[in-house]
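Enquirer: So the chains spell out like this:
2 protein chains.
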Amino acid sequence: MTVGERGEHALIEWLRRHLPAPGPDVVVGIGDDAAVLRPPRGTLLVQTTDALVDGVHVDARLLSPDAIGRRAVAVNLSDLAAMGATPDWLLLSLVLPAGLDVQAFEALVTGAGAEARRWGAAVVGGNLTQTSGPLVVDVTATGSVRPRRLLRRDTARAGDELWLTGAAGGAAAGLAMLRAGVSDGDAATVAAYATPTPRLREARALAREGAARAAIDVSDGLADAVRQLASASGLGARLDAAALPIAPGLARLCAARGDDPLPMALASDDYELLVAVPPKAGKRLRAARASFATPFTRIGVLTAAAEIAMTRDGVTVPLPEGFEHFVGTR
Amino acid sequence: MTVGERGEHALIEWLRRHLPAPGPDVVVGIGDDAAVLRPPRGTLLVQTTDALVDGVHVDARLLSPDAIGRRAVAVNLSDLAAMGATPDWLLLSLVLPAGLDVQAFEALVTGAGAEARRWGAAVVGGNLTQTSGPLVVDVTATGSVRPRRLLRRDTARAGDELWLTGAAGGAAAGLAMLRAGVSDGDAATVAAYATPTPRLREARALAREGAARAAIDVSDGLADAVRQLASASGLGARLDAAALPIAPGLARLCAARGDDPLPMALASDDYELLVAVPPKAGKRLRAARASFATPFTRIGVLTAAAEIAMTRDGVTVPLPEGFEHFVGTR
Chain A
-11 MTVGERGEHA LIEWLRRHLP APGPDVVVGI GDDAAVLRPP RGTLLVQTTD
39 ALVDGVHVDA RLLSPDAIGR RAVAVNLSDL AAMGATPDWL LLSLVLPAGL
89 DVQAFEALVT GAGAEARRWG AAVVGGNLTQ TSGPLVVDVT ATGSVRPRRL
139 LRRDTARAGD ELWLTGAAGG AAAGLAMLRA GVSDGDAATV AAYATPTPRL
189 REARALAREG AARAAIDVSD GLADAVRQLA SASGLGARLD AAALPIAPGL
239 ARLCAARGDD PLPMALASDD YELLVAVPPK AGKRLRAARA SFATPFTRIG
289 VLTAAAEIAM TRDGVTVPLP EGFEHFVGTR
Chain B
-11 MTVGERGEHA LIEWLRRHLP APGPDVVVGI GDDAAVLRPP RGTLLVQTTD
39 ALVDGVHVDA RLLSPDAIGR RAVAVNLSDL AAMGATPDWL LLSLVLPAGL
89 DVQAFEALVT GAGAEARRWG AAVVGGNLTQ TSGPLVVDVT ATGSVRPRRL
139 LRRDTARAGD ELWLTGAAGG AAAGLAMLRA GVSDGDAATV AAYATPTPRL
189 REARALAREG AARAAIDVSD GLADAVRQLA SASGLGARLD AAALPIAPGL
239 ARLCAARGDD PLPMALASDD YELLVAVPPK AGKRLRAARA SFATPFTRIG
289 VLTAAAEIAM TRDGVTVPLP EGFEHFVGTR
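If you're matching them up, the sequences are chains A and B in order.
Per the working numbering, the very first residue in the first sequence carries number -11; after that it's consecutive.
Per the working numbering, the very first residue in the second sequence carries number -11; after that it's consecutive.
Hints in this document: simulated from the structure, not taken from any laboratory.
Misleading hints may appear alongside valid ones.
[As the list claims (entries may be wrong)] Examples of chain A residues lying across from chain B (beta carbon under 8 Å, computed): (1) R26; (2) G30; (3) D38; (4) G43; (5) P122.
Where is the CB? At the ideal position from N, CA and C, for every residue including glycine.
Sequences are here, hints too, so could you generate the full structure?
Expert: Encoded structure:
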């Protein structure tokens, strides 16, 4: 049976029954004209929206509906992480081809709900509509942050060090392996692309300990993130190519092909965090890192000079351009 | 030039420069990983999302990009109105065909921004992506309401009267006229479809004076709204067909064609409010109505018996089924 045959009201009724029950902060959940929510006291709200379009950001022939639902939520939570926020509520706006299988719909929503619950957030509403075009999963995430723990991207200073959570290039390697049909046995690399882990815990620990002066997530590739963070703060940046932690999956893939992993590592949409750490934050940094096991690596520095550069084998070159979701198709 | 040629970063830069500047409640607006907002004290948040898909809810051959932007915002504000809320912040998630003209993009965003500003709300963020399919304009609206002034749809009681803002059928008539190419000279009817007016002022006045016990917006037709409100409150309903205020444009259209206007009036997505008014609210109702000029008409009653019926010419019949956006295409 397709979602077009099932009909909107029946699909919404299924959602109401199967999504995880929200907490007491949700005064009115799914089923009214809008959700009604009680914001935590003394916090600012943090709000973002990000859409996955089949054929642009994801390929429904390569990813299961469950993974698409998880990924759609995770990429939004990554934006909240980049602000130091805690996720509270999600809205799920689904634009569905009428011929989509009801089981795929249910798996997608179940994946989204599970990813939300994993991070303590609830799906509190949304919208269903049909389309003659590809599937669109549009998520809005709202979270909260205490004013002093807010992380922005325009507050870095010259001399701040650039640190990266996790590794670079895992998502690009995972997608390449899925496309080539050679992903068996490397679940971690596939997951880096299919179901990235939002770095919520890491960001909150760094913000709490005062070890982060600015942050951005690596959703359009590391080169783009460096450029955006530096530019927003009125600075330049210099990356150290030798320090860059290359994801093991990408290293293997490139070794097998005889390719240089660096270009892929710089353009990969890894949903890691790029963090500006004050130069003398040693003790605060150690305190923050005690809260998480994720690798956290110094990869460069922010500079007063406006150039965005990379040093490799003793040679400094301009950092390659980033990736624009809007132009490219991956 | 198309939006695909212009590219995501340039389009976002245009948005930042051209959208109305937000107020002091917006700590971080467009340009970071997420928006940061200061919620009004002592209020609940009210949040909704609703998407317009070209070819499903709107037809870009019939509506200008400006009207599509306005309508996308208005239908979301209508959901906030139905909860008695005041709109604060909007996110604009645009899924754009790569071949869309940049001027159309700019007009759409300008229309959305103007409609937001008209009601005191600001566009604080969003997302741009491309698609191989039709245009999708997905808006998330967040507002606020004092707990005692919240309007739900599940709190009506048997004996409450059903009242309707405005008239029924204007949107259906406006769309029919646009499709037939006979809309010249009837701007009010076209506007009822193209750029509906969210009934924010009316809802707030009714909630403030305690003249509304429940409310819902008429986004899927009046018959559907009656059914949803009654069902959510565990009640039945009886409409009085003779009392129903038929939109003048629909009356004219149907008179010219020799059609019965009632079926179209019951299925028209008018974005009016259907309100449950306590039976002895006379004084409170008068106080509320002093705040707005919009017609407000008693059209029926909520009943303890579960039937959803309509009385016409002395005969009581079941109310026709409503319209499901998901199944139908208009």
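Enquirer: Which constraints among the numbered hints does this structure fail? Numbers only, ascending.
Expert: 2
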